[in-house]
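Construct all of the structure, not just a fragment, from the sequences and the given hints.
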Amino acid sequence: PAVAAAMRLGAALSALRPALPLLLGLSLGCSLSLLRASWSHGVAEERCLAPGPPAPPARGAPPEAADGRPGPGHEDFRPRIVPYYRDPNKPYKKVLRTRYIQTELGFHERLFVAVLTSKATLNTLAVAVNKTVAHHFPRLLYFTGLRSAKVPHGMVLVAHGDERPIWLMYETMNYIHQHFGSDYDWFYIMQDDTYAQAEQVKALVTHLSINQDVYLGRAEEFIGGDEQARYCHGGFGYLLSRSLLLKLHPHLDSCRNEILSVRPDEWLGRCIIDFLGITCVSQLQGQHYHTYELAKNTEPEKEEEEEFQAALAVHPVSDMTLMYRLHKQFSRIQLDRVYQEIQDLQMQIRNLTALTPAGEAGVTWPVGINAPFLPKSRFEVISWDYFTEQHLFSCPDGSPKCELSGASKADVSEIIESAVEQLNRLYQPLLRFSKRQLLNGYRRFDPTRGMEYTLDLLLEAATQKGHSHVLAKRVSLVRPLSKVEIIPMPYVTEATRVQLVLPLTVQDLDFVANFLDMFAMNTLDTHDNALLTLLFIYHPYDAQRVGQVDVFAGVKAMVGELEKRYAEVKIPWISVKTEVPSQVKLMDIVSKKHPVDTLFFLASVWTEINMEFLNRCRMNTISNWQVFFPVHFQEFNPSLVYRGEQTASSNTDFLRDGHFDRHSFAEACFYNSDYMTARTKLAADILDRDEVLESMEVFDVFLHYSGLHLFRAVEPGLVQKYTLRSCNPRLSEELYHRCVLSNLEGLASRSHLAMALFEQEQANST
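Residue numbers (the UniProt record's numbering): 1 to 766.
Worth flagging that the hints you see were computed from the coordinates, not collected in a lab. Just so we're clear, the structure is a prediction, and the values are computed from it rather than from any experiment. Treat the hints with care, as some may be off.
Below, simulated EDC-like cross-link-like pairs (lysine to aspartate or glutamate); rule was C-alpha separation at most 20 Å, straight line [stated by the list, open to error]:
id, residue 1, residue 2
1, 401, 385
2, 721, 385
3, 296, 307
4, 681, 691
5, 119, 319
6, 585, 734
As structure tokens, this is what we get:
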């Protein structure tokens with residue numbers, strides 16, 4: 001039996017032998033986990049029960065308060081939940097949200113710039129600063145001691161009324177704290193005889209910690225003062241952090257009364273040192289504030305010193321011309337740096353691409369620019385537009401040939417000039433090229449990289465010995481997409497009231513009922529902030545018989561029913577007698593009957609109003625800035641599209657069974673004030689020639705007689721059912737032609753028309 005038991009034990013061990021490493025690892029891991037848990041609990045208990053002060057934090061760890069929460073220096077970096085408590089004894093008050101989310105989250109703008117100027121330099125050096133670097137800073141104000149000073153164009157000036165330098169500095173610091181102290185992280189103070197490299201200053205503040213008291217500039221010693229104390233020289237500008245400004249503000253009055261100084265920069269430096277104990281530094285957190293002092297009769301174009309090229313601020317600048325020359329020189333230096341950086345990056349791309357599986361064949365042209373778009377089907381092929389120096393053979397209006405003018409002509413001229421310049425740079429001094437003629441030109445816009453050009457140039461090549469030869473050469477160029485910028489737009493809300501204007505003729509009577517039903521369902525039932533005004537357009541014959549037979553009596557009855565159903569709603573109407581219903585003339589009548597701040601939506605009877613579009617109308621229309629002309633979605637003729645089949649219901653089929661009607665400009669969103677301004681300019685241009693208005697639409701008024709942005713975009717929320725519109729032959733030829741094209745293109749797609757023709761031919765053949 002013992003032998004049998006030993007044999008069974010050996011067989012069991014041999015069976016478990018492959019699993020022994022796994023079992024040993026699991027047991028060892030569990031043991032270590034238990035030991036670590038017991039140690040951590042023991043340490044926690046000791047910390048909780050041990051008397052005496054807490055242990056100091058480790059080096060680099062953030063300070064914490066006694067209750068374990070973040071210390072006072074880190075309140076901007078640790079999230080904290082603010083509990084909401086409502087006092088039941090107080091009446092409920094609606095909470096007003098801020099306009100911008102960054103205000104609610106407590107975000108600050110990065111940099112504020114203050115320029116100190118005077119009576120003698122306001123119209124000279126201050127203007128030069130404004131023309132050279134002001135547009136590079138996010139916010140820049142000029143401060144002077146003049147009373148009621150005349151402000152040069154394009155400048156924001158704050159006048160304190162006292163030209164004493166110390167008083168000007170005191171009032172400026174007070175003004176900055178009061179109006180901008182809670183909005184910006186950094187404050188840059190400079191004089192108008194200082195040239196500052198705006199991009200370098202902005203790059204500097206991005207590398208500095210906002211949670212530290214900073215007094216950064218060109219450090220200078222006080223005359224007869226402490227050797228360790230330094231103030232920042234005002235001529236070279238200096239940088240103050242928000243935290244330092246907040247701490248300094250309570251002591252400004254004491255500094256004004258107790259500190260005597262002739263120079264305002266010394267006065268400010270002494271105030272900061274005496275009350276905050278902070279001295280000016282020229283280097284902080286690894287960042288250097290480089291400056292350069294200009295000598296008399298300096299030639300900026302000849303300055304090649306490294307100290308000059310690295311300078312953030314240059315002082316003193318004696319006149320406007322020198323300011324402009326400095327700006328030109330530093331712009332050239334910055335441009336050379338960018339070109340050199342591009343070449344270095346291109347070389348790195350070539351070296352790295354050679355190590356990829358594609359090898360050198362994977363290098364795209366130009367190096368660093370995205371490769372051309374590769375279409376996956378013939379429908380994605382980007383077509384080339386052919387052009388010459390005089391004509392374009394792909395015109396916006398669809399005509400086969402049109403004259404090259406405006407921006408297109410300037411674009412072609414610049415591209416040809418650039419091509420010849422690049423050829424000369426490549427082949428000089430052996431050859432020099434001059435353009436004879438553009439034989440062929442092709443261009444296309446690739447959304448992945450930019451505008452591409454292919455030019456066939458007839459060139460004359462001259463050698464160093466004077467020999468010349470005429471040759472044809474093909475060149476390819478790319479105008480790449482540059483850095484995308486966010487255009488600042490004025491603030492708008494979705495709470496603005498929209499005034500719908502609906503012109504109606506006799507031909508529109510069959511569609512009014514559907515329009516009013518949709519208006520009631522999508523705006524009145526939902527209590528949307530929208531009103532409706534009807535414009536009844538009577539033919540002269542119908543206007544004479546309105547006492548006996550009113551062609552719009554049925555519409556007026558429908559309006560009466562709506563007003564009974566919705567007691568708080570009033571739908572006014574305006575009656576107009578005309579043979580030619582010009583959109584501009586009709587809008588003139590409506591405009592006079594509404595306030596100037598009214599937001600109009602000029603609608604058509606086939607439009608199906610919905611809340612989604614009305615909100616986009618509000619957001620895309622900005623008073624004194626932008627008007628909105630949506631491109632509605634026009635459904636095709638169902639008898640041609642479905643041919644007796646059931647109508648498709650999915651979104652994909654819906655978009656396929658119609659098209660965006662780019663020929664129609666009937667719908668528009670704009671403010672009455674903007675229309676009145678443009679209409680006044682139009683009246684001054686045409687004088688008393690009212691017949692010109694019959695050939696114009698509201699779109700033409702804004703396009704030619706206003707400086708506003710015209711935003712025209714497809715609008716999937718604005719859908720119109722198919723109907724054959726009646727085109728008035730009394731309108732201008734262009735308007736009548738657009739109406740006919742809209743009817744023809746709205747019949748069906750090419751595939752649907754082809755199928756209908758095919759079925760008709762089959763039916764005729766049988």
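Taken at face value, is the distance from the CA of residue 385 to the CA of residue 401 at most 20 Å?
-> holds, 11 Å
Would the pair residue 681 and residue 691 pass a check requiring their Cα atoms to be no farther apart than 20 Å?
-> With a Cα-Cα distance of about 16 Å, the restraint between residue 681 and residue 691 holds, given a limit of 20 Å.
Between residue 721 and residue 385, does the CA-CA distance stay at or below 20 Å?
-> violated, 35 Å
Holds or violated: residue 585 with residue 734, Cα cutoff 20 Å?
-> holds, 18 Å
20 Å Cα cutoff - pair residue 119, residue 319 | OK: residue 119 and residue 319 at ~15 Å, within 20 Å.
Does the alpha-carbon distance linking residue 296 and residue 307 stay inside the 20 Å limit?
-> Distance of about 17 Å is within 20 Å: holds.
Hint check: a violation occurs at hint 2 only; the rest are consistent with the structure.
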